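With chain A held as given, fit chains B, C and D onto it using these hints.
There are 4 protein chains.
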Amino acid sequence: MLIVMDKTATQEQIDRVIGSIEKKGYTARPIPGGDRMAIGVLRNKGAVDASLFLGLEGVKDVVPVTRAYKLVSREFQPEDTVIKVRDAVIGNGHMAIIAGPCAVESEIQALTIAEHVKKAGADLFRGGAFKPRTSPYSFQGLGEQGLKILAKVREETGLGIITEVMDYETFDMVEEYSDIIQIGTRNMQNFSLLKRAGHAKKPVCLKRGMAATIDEWLMAAEYIMEGGNTQVILCERGVRTFVNHSRNTLDVSAVPVVRKESHLPIIIDPSHAAGRRDQVIPLSRASVAAGAHGLMVEVHHDPDNAMSDGAQSLYPSQFESLCRQVDSIYKLLNNTGQDNL
Amino acid sequence: MLIVMDKTATQEQIDRVIGSIEKKGYTARPIPGGDRMAIGVLRNKGAVDASLFLGLEGVKDVVPVTRAYKLVSREFQPEDTVIKVRDAVIGNGHMAIIAGPCAVESEIQALTIAEHVKKAGADLFRGGAFKPRTSPYSFQGLGEQGLKILAKVREETGLGIITEVMDYETFDMVEEYSDIIQIGTRNMQNFSLLKRAGHAKKPVCLKRGMAATIDEWLMAAEYIMEGGNTQVILCERGVRTFVNHSRNTLDVSAVPVVRKESHLPIIIDPSHAAGRRDQVIPLSRASVAAGAHGLMVEVHHDPDNAMSDGAQSLYPSQFESLCRQVDSIYKLLNNTGQDNL
Amino acid sequence: MLIVMDKTATQEQIDRVIGSIEKKGYTARPIPGGDRMAIGVLRNKGAVDASLFLGLEGVKDVVPVTRAYKLVSREFQPEDTVIKVRDAVIGNGHMAIIAGPCAVESEIQALTIAEHVKKAGADLFRGGAFKPRTSPYSFQGLGEQGLKILAKVREETGLGIITEVMDYETFDMVEEYSDIIQIGTRNMQNFSLLKRAGHAKKPVCLKRGMAATIDEWLMAAEYIMEGGNTQVILCERGVRTFVNHSRNTLDVSAVPVVRKESHLPIIIDPSHAAGRRDQVIPLSRASVAAGAHGLMVEVHHDPDNAMSDGAQSLYPSQFESLCRQVDSIYKLLNNTGQDNL
Amino acid sequence: MLIVMDKTATQEQIDRVIGSIEKKGYTARPIPGGDRMAIGVLRNKGAVDASLFLGLEGVKDVVPVTRAYKLVSREFQPEDTVIKVRDAVIGNGHMAIIAGPCAVESEIQALTIAEHVKKAGADLFRGGAFKPRTSPYSFQGLGEQGLKILAKVREETGLGIITEVMDYETFDMVEEYSDIIQIGTRNMQNFSLLKRAGHAKKPVCLKRGMAATIDEWLMAAEYIMEGGNTQVILCERGVRTFVNHSRNTLDVSAVPVVRKESHLPIIIDPSHAAGRRDQVIPLSRASVAAGAHGLMVEVHHDPDNAMSDGAQSLYPSQFESLCRQVDSIYKLLNNTGQDNL
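Protein chains in written order, with UniProt numbering: chain A, 1 to 341; chain B, 1 to 341; chain C, 1 to 341; chain D, 1 to 341.
Bear in mind the hints are in silico, worked out from the structure with no lab data behind them.
This one's a predicted model, so the numbers in the text were calculated from it and none came from an experiment.
Just so it is clear, CB atoms sit at the ideal spot from N, CA and C, and this is done for glycine as well.
Among the hints, erroneous ones may be present.
[Stated by the list, open to error] Partial selection, computed: residues in chain A whose CB lies under 7 Å from chain B:
#	residue
1	52
2	84
3	132
4	245
[Unchecked claim] Listed next, the in silico PhoX-like pairs over lysine-lysine satisfying Cα-Cα at most 20 Å (straight line):
#	chain 1	residue 1	chain 2	residue 2
5	C	84	C	202
6	B	60	C	84
7	A	260	D	7
8	A	60	D	195
Only chain A is shown next, with the shape it has when bound in the complex (with noise of 0.2 Å):
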């Protein structure tokens, strides 16, 4: 960290931030420059709280250096992490979709679904049986019987399954059901959930929240690997800005920042990104295209009468299209070899 001090700071007000940085058990290194004092701010493990310095009397700025996070970063663990379900692998090279409606609504529809794209190719299968609802009165999902549900999908056809969990009290029940267990955009810094995933005998689906910086998601998984969980997915899903053609803005920079800074794999929801289906096929090939390792589709046979998100679920004839162009293009990247990525 670098304390940039005013122009007209007193050696006082200086020699004051020396001794609040060596009483906190760093060391300052004064850096005279041609205009102003700066301070560094050495030995410390890990990131500094700017905010310990930032309201001293003659202080300007405080500069991060180092980031805070640790057992996610590829500095910590150089070699890809990689995660395994059942068929599926994700990471370092690999590539799985998931595929699968908004919400499982009942057991027909969830295994024609399965059906459906476990054809066009999906390795895995979602669907939500405790749905996070912006208003009170709209369809909150199945709840444990469309956990039930998704087992059966999963034995009648092979795919793995990830579905979200909520809260505490029902973590332990879509541990028990699910292959994977996500954690949704609203709840990336429910700390208590982090914690109690962190547990999770189950790799874990880290959605980026809407307004989260890159620094932030990746605290929000050192939360989870912290507690012991190693397995973690993360899922670029668009973020909040003015644009407002689509839903959200997808931040497909998010692919390389995050490859270079973490060994984690990371990969993209173009359907709650865009919240309109003629935009998710281009922003799967994109995604693909940028590195992704995996997308996370919504697909429904009879989007006209889904009970949530009809509107950006895939037909399952969409579906086969966006599963054919994006293998072409990811075969056509590895081909080429994997430095290219």
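Structure of chains B, C and D alone, referenced to chain A:
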């Protein structure tokens, strides 16, 4: 809701949309325009989910008309909700100032600050016992010990207390100790927590999510009211934007909008909006001038050594000045008549 | 346009709104709903200004239905516009790669880079002669001397050239030298410049403003087309958001949206979106995969000593790799058929 | 500036960075930390361009320390700049209220409104003669005829006038007629226009770009001051964010930040920030309470029939109320002492 068709939409597509509307129990009203057809959706109680129709063939756009919240709306309850906690009154012309440290660090710290802020004019005391922190390596709060210290503060000073609840598991405990239960910005759409808060016997202070629209925020409050708890205070604390001179961007316009749309009181937290001490007093003045029903301000007797958020905590003398200034503005506005707000 | 009335709106207020609509030459169509009245505004050519009605008493909201652009819309011209400049073709299945330095620094620099990029597969050469710089103390470009160097590059390599115009005064000069005239992100709503570009004899490449919606961007293109110049290329270059790991956030979804709404070709500038060299290749792959008609990339033979934007300029060898990769993706997508895009 | 190296950076990479710094005429100061090396860049006048170093091998991050603006900074000129225009004084404790219609529509309209606002307490009259409009089909202003009407207003009422200039070609004309020259939000980084404004003999009111940081805004003002014109007024008018209940999000915190960083006066335009009449008065109160040196407000005697921006224009009676309210707040704050601001 209004469904706008493509210029090139066929009669068959139009009929299919009408069928889809009626199948869901609504009334469809075609509105032929110069260039294209629009279709109104009528007889709906509350909002209709736009995504139900956005994906249908021939549909260009879906335009929501009715807002989805009900219990929180001023159309539902024209009179201001007033929250009374010990001697403090919030809403309908009554302003309350909530002050205290970011985190309860020790009994002596909490009592020292409480005495300062009470003397300066604070109506309620704040202090975190359970702290949501971006990093798992940061101080996470004293937990129940912190709650006991808060109870001691109330006993000694007579000030009502407010503290944050982070999860279902510790909700009972927080509810027992605290006079007002705070739900933090990162949990604004933690729906399990909101549902639990709906059964709480204490008022709830619901902070705005850092990327939440006012509609989403009011819908989160609707979750609480729908559970039976009518005592909700809304707290604006800045939203996340590209702006980089403050930690968040205080959205002052939330005050007139919430006051128009809802009967619930709205207060402002300038400390988290700014993230820097030197903006807190001007933002406090602005908030009260805009018509806020109160402020929540971080104060520390020794911010240079605070365990969290030191940079944004006011010194006691600054807080005294803040109280004097906002009190004058408040009186001025209320003497010139409520109709001006 | 749809005007939504308050639930409590009186018949008198409704009548006043209807009168106001008709006074402006439109047709008013009242649409009684369950709870409240809405009023459709019909017989309007193009969009009606929402602000004309938003302030009337009893009006809760005004909802635009028709988009305001006309000449740029696909509804107006269903076939793709194709831009041809020397050997380069942009649009309708033709992709072009534009490459070169941020600024023209010298003849030797420009020629060296031009040879590199031509050999690697670039179709057009870019280079700034007039540079918009945040600081008045930064290098502002070589001016006309830079334009002469660009002409020399064209003469020597046969590549068409593109360079930015910053104002009316130098427009004639830029138009004389350059094959494509670029209007930069900061001038997207410099309407005087757009009007001048409407009379230009050369194609115009219009960069998206960093906080512009697609509607505003297309309206800016409408200014140019309305002046008579139908040769417009749209260039997405990232928008400003809270995200801090790249200089701007590349909005890949702009590609499918623009391709759907407009007949104009859309290219992507990944260099300015990223602001960092290590994101440029992944973003380029993503852009072409999403369906962009081209790329504009910064390349420098000695970026460590570039006079501007060195950090985001590719080394020539990186640019070669980029060309190989995007070329493969482009061919792949076009072999699998245009309907997939 | 501080250059942070990768943990794995080699000594050779470090030496190369040091060489690169020194080659540019700066002094390099290596700062070894616990984990990694950082390198300070010293002896620089003004800011160093981060992009010069960000792309070098082994460099993880580049951290700017010094701000780039000079003439506009309070470090350069500690005393407040004061702008005097006829009877109006802006800055250093003097507040001015600028009011009038969005666009000058006719002599009778302008005079009618001018009389209203003068009587209510306005210090200056605003009105657009050249109007920047998103659509080429919207009313573009009366041009020189509008300027003549403004001159008539000045003659009849004695109020100084302010109007927007859109380009170089009409600059002389606007400069001749207007007392203050306004540069609009869309032209904040129209550097050709800024340079021309640097030679103007009249004060310039520079609106903040809708996606501009304060640094960029002050740098734009630096362009004007660097040209020799020291009479610059900064005008905050809301920034573009995801927030959808107002047209833009008023960034009130810009007031204390600008007042701290710069000696230039800052005023607020609540009308364009809100885009809706019902937020204008609360935002005006908030602005003055935050310490703004003035307001620019749209007023129309018949907003329902205004040719532009009717929805955000106040009725004369509302403007009277606004003046009374902000005047009271202003007096209150200045009686309690300037040091509170």
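A quick look at each hint next to the structure:
1. 52: Holds: closest Cβ of chain B sits about 6 Å from residue 52(A), inside 7 Å.
2. 84: violated, 26 Å
3. 132: holds, 5 Å
4. 245: This interface hint is violated because 11 Å lies over the 7 Å limit.
5. 84(C) - 202(C): holds, 10 Å
6. 60(B) - 84(C): Measuring from Cα to Cα gives roughly 32 Å; hence the hint is violated.
7. 260(A) - 7(D): holds, 14 Å
8. 60(A) - 195(D): Violated: residue 60(A) and residue 195(D) sit about 30 Å apart, past 20 Å.
In the structure shown, a violation is registered for the earlier hints numbered 2, 4, 6 and 8, in ascending order.
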